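Student: Sequence:
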Amino acid sequence: MIPSVEEDKEAREETWKRYLISSRYLCIYQKEHFAKVIDKETWNEVEISSDLFNILKKCDGRLHKFYPEELEIINILIKQGIVTYADEVSKDFNQHQIKESKDILPRPIEGAIAHVTGRCNLNCKHCYFSPHRTSEELSTEEWKKVFEQLYEMGVYKVEITGGEPLIRKDIIQICETLKEYEFLTTIITNATLLDEHFLENLVDSGVSAFGVSLDCATPKTFTDFRGEDYFFKVINNLKMIRDYRDSGKLSYFCVSTMLTRKTAKELFDLYQILKSEIKPDTWVIERPYASGNYKKYIAEYDIPVVESAPILHKLLLQIRRDKPNFPYRIHLDKYYTYLNPERYSHIDFSKVYAPYSVEDWACGRHFQHLYILPNGDIVWCDYKEVCPNPIGNVRNESISEIWRKSEEIKKGMKLKNFVCKNCKYVRYCGGGCRFIPITRGEGIQGCDRDFRYYIEYGIKKGLYENGKNF
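Residue numbers (this note's numbering): 1 to 470.
What the hints contain is simulated information worked out from the structure, not anything from laboratory work.
It should be emphasised that the depicted structure is a prediction, and the values quoted were computed from it without experimental measurement.
Backbone N, C-alpha and C fix where the C-beta goes; we use that ideal spot for every residue, glycine too.
Do not take every clue at face value.
Stated by the list, open to error - Here are the simulated distance ranges between beta carbons:
1. E300 <-> D229: 17 to 23 Å
2. E32 <-> E359: 17 to 23 Å
3. E385 <-> N422: 22 to 28 Å
4. N325 <-> F232: 32 to 38 Å
5. E401 <-> K460: 44 to 50 Å
6. L339 <-> K102: 35 to 41 Å
7. N121 <-> E32: 39 to 45 Å
8. E88 <-> N121: 16 to 22 Å
9. E47 <-> N325: 26 to 32 Å
10. N422 <-> K179: 46 to 52 Å
What the hints assert, rightly or not - Computed list of lysine-lysine pairs in BS3-like fashion (alpha-carbon distance at most 30 Å, straight line):
11. K411 <-> K31
12. K31 <-> K414
13. K145 <-> K169
14. K40 <-> K179
15. K279 <-> K220
16. K57 <-> K79
17. K323 <-> K262
18. K262 <-> K249
19. K384 <-> K144
20. K220 <-> K265
Could you build all of it, start to finish, from the sequences and the hints given here?
Tutor: Quick look at the structure:
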């Protein structure tokens, strides 16, 4: 427990000292929402009290007054490597290591997804973002102003995506701005434009993590689905990213796979490549939605849940036998998440089994994230079918004002107001995605029937017993 700081400090002994937060750590405080210490090398987060945050605020290399109980805590933080003693004012301290929101938001922003471009060097058949390919793009300076506002709002994670973000000639400058504000930065890329020099520059500019698309195990299927023959280049670049991760230059990387009727045939071969050669921290498998480019190809490529569920179950059994050493997790669509037992050995899964209730929000992830389109429009979901009209534009309003307006849109979005309220499966799925009911004519409060089928199938297979689905 952190000792109270509300007592009469003047009556107690005080000491003037200099301490410094180690450059490896970020201290985050969003008023009324959370306070955290984050390890920038691993992205591990630890929630702390506001009292402890106030002590850490004084660890900026300058002389500050400390009381005995604060010094006890400082000594613990020194042993943990979070704080160091400073003999003199340090030139290395970055003031942005301490992020304190200047604004009390109605809802915390966990991270921002910045679509810096709609352009791409590929023509993937599943691309949902194709309607934005010709939209006007914010300039380098405009993105800098966006990131400055995000910093002032207490945001600490930024995902740079597109289109293909590496197609922008100023991507290094954009990332350097993120580094200046000490954001945890992820690049979502198809990895076709990477080479060793480019990767090194991105890492030096502050990129902490990568998300890379890879759907199949052969060049033929890659070319068919992505439009260009870059299969071996992507494989080699993933190995290069893996080496950077293993050397400690990157925090982690994720591989994302789109499951279609054609890529499903190579899913197990791809699993073997990832398990034996690539070894990502996370592997995410998803089915594309009927949006953008995919509308033209859905009849040929789409694999319905009645076919994908048995395939994923078979893969799940293989994973259980193998117990692959993926550092974090394997996420099988809306179906099952395999967690590395060593990494997650501290979790009592009986306490997280069936965690959802009708009092929870639908689309929770979207409601906690800020989506910025290439032209500066802000939406609460970047699928045009779900959010056809922007909430606002960063060129015309502050992000804080737009975020507050979004609260009006989100009113009534609790599961108790949806058809989910009487569903026996809601505790497993949390309502699912809004795209499915909207595009099937049920409206925003309808049922994600794909997720429901997965749940029903999983229960028949015994996957949802004793918290095994988490």
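Student: So, for every hint listed, does it hold in this structure?
Tutor: Here is what the structure says about each hint:
no.	hint	result
1	E300 <-> D229: 17 to 23 Å	20 Å, holds
2	E32 <-> E359: 17 to 23 Å	19 Å, holds
3	E385 <-> N422: 22 to 28 Å	26 Å, holds
4	N325 <-> F232: 32 to 38 Å	24 Å, violated
5	E401 <-> K460: 44 to 50 Å	49 Å, holds
6	L339 <-> K102: 35 to 41 Å	37 Å, holds
7	N121 <-> E32: 39 to 45 Å	44 Å, holds
8	E88 <-> N121: 16 to 22 Å	50 Å, violated
9	E47 <-> N325: 26 to 32 Å	28 Å, holds
10	N422 <-> K179: 46 to 52 Å	49 Å, holds
11	K411 <-> K31	21 Å, holds
12	K31 <-> K414	23 Å, holds
13	K145 <-> K169	18 Å, holds
14	K40 <-> K179	12 Å, holds
15	K279 <-> K220	23 Å, holds
16	K57 <-> K79	18 Å, holds
17	K323 <-> K262	26 Å, holds
18	K262 <-> K249	35 Å, violated
19	K384 <-> K144	26 Å, holds
20	K220 <-> K265	13 Å, holds
Checked against the numbered hints above, the structure violates hints 4, 8 and 18; every other hint is satisfied.
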